[in-house]
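Per the working numbering, the sequence shown starts with residue 871, numbered consecutively.
Be aware that one or more of the hints could be misleading.
[Claimed, not checked] Label-pair restraints from in silico Cβ distances:
id, residue 1, residue 2, range
1, P1002, I980, 15 to 21 angstroms
2, P874, A1019, 17 to 23 angstroms
3, R1022, C955, 20 to 26 angstroms
4, S1004, G875, 27 to 33 angstroms
5, A954, T1017, 36 to 42 angstroms
In short, the hints are calculated from the structure, not lab data. It should be emphasised that the depicted structure is a prediction, and the values quoted were computed from it without experimental measurement. Quick reminder that beta carbons are idealized off the backbone N, C-alpha and C, glycines included.
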Amino acid sequence: MPKPGKLWRHVIINTRGSWLPGDERGFRNRGHRIHSSGDYKRPPPVEEHVGLYGYQVGKSPPEVRIARSLRPVIGRAMARYFEACEHRVLVVAITKVHAHMLVELPNSIIKIREIVGEAKRAASRAVKRQMPGSIWARGGTFKPVKTRAHQRRAFGYILYEQGSGAWTWSFLDGTDGGRFRRVRAR
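All chains, full assembly: derive it from the sequences and hints.
Put into structure tokens, the structure is as follows:
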């Protein structure tokens, strides 16, 4: 159960340039002014927004990719930030171009954006020599987890279904001083 005033959230953040408007996996821009007819599970027709995607690629910086050797550094930095701010973390996954976390956060989207933004900064600072400049895209997805069953599904998805290159960690039982252990993806 979450603490009073908080909710468990499945947080998803992307690196800069990794999911542009017009992407073949589907997209929605801010305020849903423009969006595709599909999503990453049911992609839209390839030709639907090819012009928009070409335009975005031309004006955007290259996709930021996180090297395998830096994924644990980034994951630990984010988890430590959340824990230091008394936001419990159950699982973290860092992949080539995005991160997933199951974190207990305040029930306020304004506060969530601020807290996740600070976690992104903590991760960026941890690898600033190896990855100078901006790493993370603006915003993120902060899905509320309202039931225990949903929490278990999100936990399993984050821990086991991020692909072979993902670097995943899970919080043990909360009594070990905030240490994390690496768990390999299946």
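Cross-check of the supplied hints:
1. P1002 with I980: 15 to 21 angstroms: The hint (15 to 21 angstroms, Cβ to Cβ) is violated, given that P1002 and I980 are roughly 30 angstroms apart.
2. P874 with A1019: 17 to 23 angstroms: Cβ of P874 to Cβ of A1019: about 22 angstroms, so the range 17 to 23 angstroms holds.
3. R1022 with C955: 20 to 26 angstroms: The hint (20 to 26 angstroms, Cβ to Cβ) holds, given that R1022 and C955 are roughly 25 angstroms apart.
4. S1004 with G875: 27 to 33 angstroms: Because 32 angstroms falls inside the window, the suggested range holds.
5. A954 with T1017: 36 to 42 angstroms: Since the Cβ atoms of A954 and T1017 sit about 28 angstroms apart, the hinted range of 36 to 42 angstroms is violated.
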